[in-house]
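All chains, full assembly: derive it from the sequences and hints.
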Amino acid sequence: MGDVLIFAEHEGGHFPKSTLTAVHAGLELAKKRGGKAIVVVAGDAPEAAAGEIAKYGVAKVIALAHPALKNYLADAHTQALAALAKKEGAEFVIATATAMGKDLFPRLAARLGAGMASEITAINDDQSFVRPTYAGNVMATVEIDGPIKVLTVRGTAFDAAKPGGAVAPVEKRNAEIDAGALKMEFVSFNATKSDRPQLTEARIIVSGGRGLKAAENFKTVLEPLVDELGAAMGASRAAVDAGFVPNDLQVGQTGKVVAPELYIAVGISGAIQHLAGMKDSKVICAINKDEEAPIFAVSDYGLVADLFKAVPEMTEEIKKLKHS
Amino acid sequence: MKILVPIKRVPDPATTIRVLSDGSGIATDNVKWVINPFCEIAIEEALRIKEKQTGEVILVTVGQSTWQEQLRTGLAMGADRAILVKTDAALDSLAIARILAKIAGDEKPDLVILGKQAIDDDSNQVGQMLAEMLGWPQATFASKIEIAADKISVLREVDGGLETIGFKLPAVVTADLRLNEPRYASLPGIMKARKKEMKEIAADSLGVDLAPKLKTKTLAAPPKRQGGRKIASAQEMVSLLHTEAKVI
Ligand SMILES: Cc1cc2nc3c(=O)[nH]c(=O)nc-3n(C[C@H](O)[C@H](O)[C@H](O)COP(=O)(O)OP(=O)(O)OC[C@H]3O[C@@H](n4cnc5c(N)ncnc54)[C@H](O)[C@@H]3O)c2cc1C
Ligand SMILES: Nc1ncnc2c1ncn2[C@@H]1O[C@H](COP(=O)(O)O)[C@@H](O)[C@H]1O
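Those sequence lines, one after another, are chains W and H.
The number in this note's numbering is simply the position in the first sequence, starting from 1, with 59 added.
The number in this note's numbering is simply the position in the second sequence, starting from 1, with 721 added.
A portion of the hints provided could be inaccurate.
[Said to hold, decoys possible] Under the rule of at most 27 Å between Cα atoms (straight-line distance), these lysine-lysine pairs were calculated in the DSSO-like manner:
no. : chain 1 : residue 1 : chain 2 : residue 2
1   : H       : Lys951    : W       : Lys379
2   : W       : Lys381    : H       : Lys967
3   : H       : Lys967    : W       : Lys91
4   : W       : Lys379    : H       : Lys967
5   : W       : Lys272    : W       : Lys114
6   : W       : Lys368    : H       : Lys967
7   : H       : Lys967    : W       : Lys378
8   : H       : Lys936    : W       : Lys242
9   : W       : Lys242    : H       : Lys967
10  : H       : Lys951    : W       : Lys368
11  : W       : Lys242    : H       : Lys951
12  : W       : Lys341    : H       : Lys967
13  : W       : Lys95     : H       : Lys753
14  : H       : Lys823    : W       : Lys242
15  : H       : Lys771    : H       : Lys916
16  : H       : Lys723    : H       : Lys889
17  : H       : Lys938    : W       : Lys378
18  : H       : Lys872    : W       : Lys129
19  : H       : Lys829    : W       : Lys341
20  : W       : Lys90     : H       : Lys938
21  : W       : Lys76     : H       : Lys967
22  : H       : Lys916    : W       : Lys242
23  : W       : Lys221    : W       : Lys76
24  : H       : Lys723    : W       : Lys242
25  : W       : Lys129    : H       : Lys889
26  : W       : Lys381    : H       : Lys951
27  : W       : Lys272    : H       : Lys951
28  : W       : Lys242    : H       : Lys889
29  : H       : Lys889    : W       : Lys348
30  : W       : Lys348    : H       : Lys936
31  : H       : Lys723    : H       : Lys773
32  : W       : Lys252    : H       : Lys917
33  : H       : Lys872    : W       : Lys348
34  : W       : Lys129    : H       : Lys865
35  : H       : Lys938    : W       : Lys91
[To be verified] Have a look at the derived ranges for each label pair, beta carbon to beta carbon:
no. : chain 1 : residue 1 : chain 2 : residue 2 : range
36  : W       : Ala240    : H       : Ala869    : 49 to 57 Å
37  : H       : Ala869    : W       : Gly71     : 44 to 52 Å
38  : W       : Met60     : H       : Thr939    : 24 to 32 Å
39  : H       : Lys829    : W       : Gly71     : 38 to 46 Å
40  : W       : Glu350    : H       : Thr939    : 35 to 43 Å
These aren't lab readings, by the way, just hints derived from the structure by calculation.
Yeah, the Cβ is synthetic: ideal placement off N, Cα and C, and Gly gets one too.
In structure tokens, the structure reads:
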């Protein structure tokens, strides 16, 4: 009892920070419940990646292999993980609420007949969990009944696990998959190309909203500031909907949830759905010409100004700072 | 093509949500109730598929009698008939998915389209659970759907890019915001909706396990962020970020 099975999502054998937050949460949960933290890495050849994650202070790593696990597909991964969770007698199965975690874990919960809490932000001592609801306006404390419980964690709410301690043993297993029951087909993946850091990994994020008025202005006004800071670029939904920037830049309730050290909101009003995705950032700056804009209520530093003047000025000032 | 669209009644996203002081729920006195925005998109997509190929769009909701209002709105948008699975109990996603699986078993749709997430509980679970219970393929967070004969291909917005997956029907799809712009109910639509079939079924007559495994103990307001400080110029902003906040 009390063992925690952590699903470690990897990108071609590399573990992004988001995965390491689930490892951290899994270690914390195992400690609180007096169980072991076991990591599973799935793929057609997951051994190398499994060796990598074995350095993060966990009890055991399982390299779960099967040709059907090459490209992520919900049905094959569900079968493989459900069978493994049962075999290991895990009490908890946990992953980060990435696009993959969100797609896979509810299906896995259904296969296990387990209750599931999505995007938890805290693990309490009394067997309960905290999770945001109503776009972050309400924090719910929830409990899960039953011998097995399924969880996803919000990446911004936990630190990333760090390597250290003894290297865990890696066990290779062949996944139990009934290939005849697989119905999903992977067709293609079109990666967004960018030299900038990923939104969920970045230390600084500069986001633009409808106030930027045109796609062109993201390039000529916002990008110089983004690049001067070595930041990731984000956007409000209004900016995405208007086609100014691609959709995977959207920050908010229905986009990405981020908590960088510095978040600069430019020409963004601060609708509750946008705040849901960034209000846990360490320092928040806002530039908006409307002094009543709700974004200012959550900002540590607010500048009431025309962004077309203020943003180039900031960029200049940062350049000077770097060269001084 | 027969399409089943499960919908949920939620507070209007523009409403300010307040937690009751005893943490037992949210204050509902000033709440305007609407169809969950993602479910509206699901209805719209079902209607567009039907308009291209003929068929039937059936709405289903699991909730209280008042939820009929949202079913009626969906009928006014153009859906053909509606089912209210009535319950006053607080169900978890697993129980809702079990009920929907039972309804899907009876109705035998070719496609079930749901919202990707309900904006009240923000769970993002029901569609995926339903797909597993039915043993069907799933495409969550769909931003584009193409159907040719008995095959569906779905474009999904995932971390780091766009993924396309495909499979044979029947299947479960969950709708993302970019899938379409939902239509408004027209006046003739509203008139017609009054005469459309609205079936009521008691949830506890379905013979499925409704006991929730996920239970909410208490609700609380999130910690308030202290903000509001205004700075005079871009120069001062950069200087404070450097010397005071020490983030650049
Ligand atoms: C179900 C649902 C989910 C949603 N999910 C999200 C989400 O995940 N993320 C998200 O962001 N939104 C989301 N939204 C949308 C959200 O409600 C807002 O509509 C959106 O965030 C507004 O974007 P915006 O601030 O860029 O635009 P606006 O609200 O139009 O604000 C533009 C701002 O720019 C300022 N401005 C204009 N010109 C200038 C100038 N020259 N200089 C300085 N300032 C200027 C204006 O004063 C204004 O404050 C969602 C909505 C719904 C219903
Ligand atoms: N009570 C319900 N009745 C019908 N459909 C529901 C209900 N709850 C959730 N759904 C569907 O499941 C989707 C995802 O909801 P959730 O998993 O709760 O975030 C919603 O957009 C609806 O399509």
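Okay, the hints, checked on the actual structure:
Simply put, Lys951 of chain H and Lys379 of chain W have alpha-carbon atoms about 23 Å apart, close enough for the 27 Å limit, and the pair holds. Distance restraint check for Lys381 of chain W and Lys967 of chain H: the Cα-Cα separation of roughly 14 Å lies within the 27 Å cut-off, and the hinted pair is therefore satisfied. With a CA separation close to 35 Å, the supplied pair Lys967 of chain H and Lys91 of chain W exceeds the 27 Å bound. Taking the CA atoms of Lys379 of chain W and Lys967 of chain H, the gap is near 16 Å; set against the 27 Å cutoff, the hint holds.
Our distance criterion of 27 Å between C-alpha atoms is broken by Lys272 of chain W and Lys114 of chain W, whose separation comes to about 48 Å. Taking the CA atoms of Lys368 of chain W and Lys967 of chain H, the gap is near 24 Å; set against the 27 Å cutoff, the hint holds. Note on Lys967 of chain H and Lys378 of chain W: the hinted pairing holds, with a Cα-Cα distance of about 16 Å set against a maximum of 27 Å. Pair hint Lys936 of chain H plus Lys242 of chain W does not hold up; C-alpha atoms about 33 Å apart against a cutoff of 27 Å.
Under the criterion of a C-alpha separation no larger than 27 Å, the hint pairing Lys242 of chain W with Lys967 of chain H is inconsistent with the structure, at around 52 Å. Restraint check for Lys951 of chain H and Lys368 of chain W: the C-alpha separation of about 17 Å stays at or below 27 Å, so the hint holds. Between Lys242 of chain W and Lys951 of chain H, the direct Cα distance comes to roughly 56 Å. Violation of the 27 Å bound is thereby established for this hinted pair. In summary, the hint linking Lys341 of chain W to Lys967 of chain H is supported, as the alpha carbons are separated by about 11 Å, within the 27 Å threshold.
Taken as a hint, the Lys95 of chain W and Lys753 of chain H pair is broken in the structure, with Cα atoms around 47 Å apart against an allowance of 27 Å. Under the criterion of a C-alpha separation no larger than 27 Å, the hint pairing Lys823 of chain H with Lys242 of chain W is consistent with the structure, at around 21 Å. Under the criterion of a C-alpha separation no larger than 27 Å, the hint pairing Lys771 of chain H with Lys916 of chain H is consistent with the structure, at around 20 Å. Simply put, Lys723 of chain H and Lys889 of chain H have alpha-carbon atoms about 15 Å apart, close enough for the 27 Å limit, and the pair holds.
At roughly 52 Å between alpha-carbon atoms, Lys938 of chain H and Lys378 of chain W are farther apart than 27 Å, so this suggested pair is violated. Among the hinted pairs, Lys872 of chain H with Lys129 of chain W is consistent with the structure: their alpha-carbon atoms are about 23 Å apart, no more than 27 Å. Simply put, Lys829 of chain H and Lys341 of chain W have alpha-carbon atoms about 50 Å apart, too far for the 27 Å limit, and the pair is violated. Note on Lys90 of chain W and Lys938 of chain H: the hinted pairing holds, with a Cα-Cα distance of about 23 Å set against a maximum of 27 Å.
A C-alpha spacing of about 23 Å is found between Lys76 of chain W and Lys967 of chain H, which places the hinted pair at or below 27 Å, so the restraint holds. Our distance criterion of 27 Å between C-alpha atoms is broken by Lys916 of chain H and Lys242 of chain W, whose separation comes to about 39 Å. Between Lys221 of chain W and Lys76 of chain W the alpha-carbon distance is near 10 Å, which keeps this suggested pair within the 27 Å criterion. Annotation: proposed proximity of Lys723 of chain H to Lys242 of chain W holds, straight-line Cα distance about 20 Å (limit 27 Å).
Taking the CA atoms of Lys129 of chain W and Lys889 of chain H, the gap is near 21 Å; set against the 27 Å cutoff, the hint holds. Restraint check: the Cα-Cα separation between Lys381 of chain W and Lys951 of chain H comes to about 25 Å, which is no more than 27 Å; the hinted pair holds. At most 27 Å may separate the alpha-carbon atoms for a hinted pair to count; Lys272 of chain W and Lys951 of chain H meet this at roughly 24 Å. Taking the CA atoms of Lys242 of chain W and Lys889 of chain H, the gap is near 7 Å; set against the 27 Å cutoff, the hint holds.
Distance restraint check for Lys889 of chain H and Lys348 of chain W: the Cα-Cα separation of roughly 51 Å exceeds the 27 Å cut-off, and the hinted pair is therefore not satisfied. Restraint check: the Cα-Cα separation between Lys348 of chain W and Lys936 of chain H comes to about 44 Å, which exceeds 27 Å; the hinted pair is violated. Only pairs whose Cα atoms come within 27 Å are accepted, and Lys723 of chain H paired with Lys773 of chain H is accepted, the gap being roughly 13 Å. Pair hint Lys252 of chain W plus Lys917 of chain H does not hold up; C-alpha atoms about 49 Å apart against a cutoff of 27 Å.
Between Lys872 of chain H and Lys348 of chain W the alpha-carbon distance is near 50 Å, which puts this suggested pair outside the 27 Å criterion. For the proposed pair Lys129 of chain W and Lys865 of chain H, the alpha carbon gap of about 24 Å is at most 27 Å, so the pair holds. Under the criterion of a C-alpha separation no larger than 27 Å, the hint pairing Lys938 of chain H with Lys91 of chain W is consistent with the structure, at around 20 Å. Roughly 24 Å separates the CB atoms of Ala240 of chain W and Ala869 of chain H, a value that falls outside the hinted 49 to 57 Å.
Under the hint 44 to 52 Å, the C-beta atoms of Ala869 of chain H and Gly71 of chain W, about 32 Å apart, miss the expected range. The hinted window of 24 to 32 Å between Met60 of chain W and Thr939 of chain H holds, with their beta carbons roughly 26 Å apart. Restraint check, Lys829 of chain H to Gly71 of chain W: a C-beta distance of roughly 41 Å satisfies the suggested window 38 to 46 Å. Look at Glu350 of chain W against Thr939 of chain H: about 37 Å separates their beta carbons, and that is inside 35 to 43 Å.
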